[in-house]
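**Student:** Given next are the chains, with one letter for each unit.
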Amino acid sequence: MTDLTPPPPALGCRTSPILKQRGQREVFCGLTGIIWLHRKIQDAFFLVVGSRTCAHLLQSAAGVMIFAEPRFGTAILEESDLAGLNDAHKELDREVARLLSRRPDIRQLFLVGSCPSEVIKLDLSRAAERLTKEFAPKVRVLEYSGSGIETTFTQGEDACLASMVPVLPETDKRELLVVGALPDVVEDQMIGLLAAMGIGPVRVLPARNIDDEVGIGENTVYALTQPFLSDTHAALERRGAKHIQAPFPLGEEGTTAWLAAVAEEFGVDRALFDEVTAAPRRRARQAVAAAAETLKNKSVFFFPDSQLEIPLARFLARECGMTPLEVGSPYIHDALHGPDLDLLPEGPQISEGQDVDLQLDRCREARPDLTVCGLGLANPLEAEGLSTKWAIELVFTPVHFYEQAGDLAALFARPLRRKDILEAAE
Amino acid sequence: MKLTVWTYEGPPHVGAMRVATGMKGLHYVLHAPQGDTYADLLFTMIERRDHRPPVTYTTFQARDLSRDTGSLFKQACQEAYDRFKPEAIIVGASCTAELIQDDPAGLAETMGLPVPVIPLELPSYQRKENFGADETFLQIVRHLAKPMEKTARISCNILGPTALGFRHRDDVQEITNLLYEMGIEVNVTGPMGSTPADIAKMGQAQFNVLLYPETGESAARYCEKTFGQPYTKVVPIGVGATNDFIAEIRALTGSTAAIDMQNSRQTWWSRSVDSTYLTGKRVFIFGDGTHVAAAARFARDEMGFEVAGMGCYNREFARPIRTLAKEYGLEALITDDYLEVEAAIEALQPEMILGTQMERHIGKRLGIPCAVISAPVHVQDFPARYSPQMGFEGANVLFDTWVHPLVMGLEEHLLHMFREDFEFNDAAGPSHHGGHAPVATGAEAQAPRSLESKMKPEVQPSGEVVWLPLAEKELKKIPFFVRGKARRNTEAFAVEKGLAEISVDTLYDAKAHYAR
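Chains as they are written, first to last, in our numbering: chain C, 129 to 554; chain W, 74 to 589.
There's no promise every hint is true.
With a cut-off of at most 25 Å between alpha-carbon atoms, the simulated DSS-like pairs for lysine-lysine come out as follows [what the hints assert, rightly or not]: (1) W/Lys75 with C/Lys249; (2) W/Lys298 with W/Lys223; (3) W/Lys219 with W/Lys97; (4) W/Lys75 with C/Lys261; (5) W/Lys274 with W/Lys306; (6) C/Lys547 with C/Lys426; (7) W/Lys437 with W/Lys549; (8) W/Lys546 with W/Lys584; (9) C/Lys168 with W/Lys437; (10) W/Lys550 with W/Lys584; (11) W/Lys75 with C/Lys218; (12) W/Lys274 with W/Lys298; (13) W/Lys570 with W/Lys549; (14) C/Lys148 with W/Lys147; (15) C/Lys218 with C/Lys266.
None of these hints come from the bench; they were simulated from the model.
Between the sequences and the hints, there should be enough to build the whole structure, so can you do that?
**Tutor:** Spelled out as structure tokens, the structure:
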């Protein structure tokens, strides 16, 4: 293979000093993940045990409302539930029974903890155990926390997947497990590439429905497609599975590196790897190049949001010619983010956590060409003349692997193109 | 515990945010975990505000709970004051902070901040968004407004508009202009548009105009008692109500100024020939109590619709809406359960829904046109253009908005005449809506949030009567906007006549039976 990939920088960001901040944060809580998880896992219902605020968040964060009855809902705690816990469990049992009788298509139920349910110490694991017994074998009931006092945005998906790991059956088969919710079309592309290299069957977590789930054991090897799955990663290690470390499959370079790490693990020979990847690599480069025209030499500033920030900064710096000024991430885990940090050329301020007012001060001072931030900050920054990309779109849009690399670059290019068009016309 | 799919109102602290975000020079320090910051996007995205809401969230985390969340609150409060230098601060707790009982009010009081600190008690597990806004505005007025000498010229305050309110921006402008025409000055408009210093001089006005009882009635009552300011009871939505409003203000002030009616077109539009197509259309009305009551009057008396059902989601207005519904010969639906509203609409099969963002979704699912008349609303209900609901221009806007979703005039005839035309058929929807475009692109269909679709056969077995194949085929030829009604009427007719089967004849017998 004629390797067009630039070598790693002399100095990456893995050892760069990290600015750690603790202050007012402007992020979603983990409940938000339900919005894409309930589409991905097609026989699951997500029942948040929480307050009116939780229900309102899900409705507002979704941006759109789904016309049909969605497969998520909130059991809203009322004054009477707060008085005594026994009552709350009975109430929950009643609501679950009613829900499952109305929705016979549901095979897995996730009880999702929230800030209020955690503060009153409502034991959802006990509830899940009890309800599993009651509704087995038809419905499996699991629980995880999506609360804002425990989880930030995408950590909700992590908590959900981690809750599934212990109940998956044991296997001694040597199989590849790919972990992270991807849009079906992207997942199919990924499986297609791996199959062409002779790797298969490929298992995925989360599976589209409960009957597709697979076993885990000491011979399982797994690769993550999302950088926010640290608890799931730990849960899989506890079951003896082996992690394939790699940069995340975002952009042509990230995808190639990710596939190469998997291919190496399975002893795929170099010629075959090149043969399988040559065409999609070329397409991805070509598609990225179109958007990179707009992005080249522009600066970018990341507010912490989804934990995708480090791999995205790596993609924008190395494949689109952008200059990251600050790369903020809610949490940084060396085991997961290390390979991407190695590739990200030194320079940007890496920051973990947030004090939103101080970070806004830094952003205004830096005046980046593009700011990647949450929905609460985007319009106010646009009004100050700073172009923005809403971070949530990066989680809701198919962006992984080769065929989406161009779309990913285009997501960042569009706000800049719009600015150019509107300003040229002035 | 109550299972909720979609909610009509947010929690009460969101109501407080609507007040704070509408005002200037006020800051809200909210004891809340990080997830609650989602509420900012309601204002920055849905309403397209160009500033962050003036809210500091303490964003405590699990690890803080074992330590001192109280000092975290005090620190956030101090930093918010130092950074934003507000004229006044409101402090409170969201649902989670309410449980940890830190007493933000007491904590803030001990800090000796040099500006008024107004504590809010908003019970998150009992009350909702509108209550939160109403109560917050009341507390601000109680703490800041002082008795004052009345203005020399006749003046009033406008009470109730908030951030994220349905058309509040334009209603305020329309009513301010109307009052100006009547020779009445507006002293303070609040909460939206006012500062704490403005609130302080609310007592100067002779009377209050209460535009939104949901969010301003408590303050209006307080001002009536404390400052001797009477307040208006008519909400000027529709020409009739606007005229009543003018009469009410004339009675309060003695104003005799003539009103320029040149731009009031709605009355003639409803009387023009084309509008006979509107006569008797069956509408279902749902929303907040105030907008529902106004819409019912406008629908029946000024558009010539038949009100087939009505209700509201805010229980605070259950009593007046129940009474009003009786006057229309109906039973009001008082619920905040979206699924109940959907079931009611499905059973009634109205020709149009006048509702909220939620009913728009119900309408899409059931194939019934819908116009939005009330909060909660989404981004498309914050139009760039001037688009009030109130006053004479508001009535013009109502006419246009309500007629837009309907199939009108000649098109309705053509659909009847050529119902199986390959391109001009009813499945395509009203021709001015672009329903002819291909439905979902590949990318959308595969996106994780792609929409669930639910295919339904035209006729569902009810267990009582059976549709014969030819009759069902005939039913399908009836245009979609009356098909639901035809089906329901025919089935009811068959049951009444003791028929087990519906034939083509039954269908037309029923049609003759129900002919008006």
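**Student:** None of the hints should be skipped; say for each whether it holds.
**Tutor:** Each hint, compared with the structure:
1. W/Lys75 with C/Lys249: 19 Å, holds
2. W/Lys298 with W/Lys223: 15 Å, holds
3. W/Lys219 with W/Lys97: 19 Å, holds
4. W/Lys75 with C/Lys261: Roughly 23 Å between the alpha carbons, so the hint for W/Lys75 and C/Lys261 holds.
5. W/Lys274 with W/Lys306: 23 Å, holds
6. C/Lys547 with C/Lys426: 13 Å, holds
7. W/Lys437 with W/Lys549: 19 Å, holds
8. W/Lys546 with W/Lys584: Satisfied, since the Cα-Cα distance of roughly 16 Å is no more than 25 Å.
9. C/Lys168 with W/Lys437: Distance of about 24 Å is within 25 Å: holds.
10. W/Lys550 with W/Lys584: Holds: W/Lys550 and W/Lys584 sit about 14 Å apart, inside 25 Å.
11. W/Lys75 with C/Lys218: It holds: about 12 Å lies between the C-alpha atoms, which stays within 25 Å.
12. W/Lys274 with W/Lys298: Given pair W/Lys274, W/Lys298 holds - Cα atoms ~16 Å apart, limit 25 Å.
13. W/Lys570 with W/Lys549: Holds, at roughly 23 Å.
14. C/Lys148 with W/Lys147: Satisfied, since the Cα-Cα distance of roughly 22 Å is no more than 25 Å.
15. C/Lys218 with C/Lys266: 21 Å, holds
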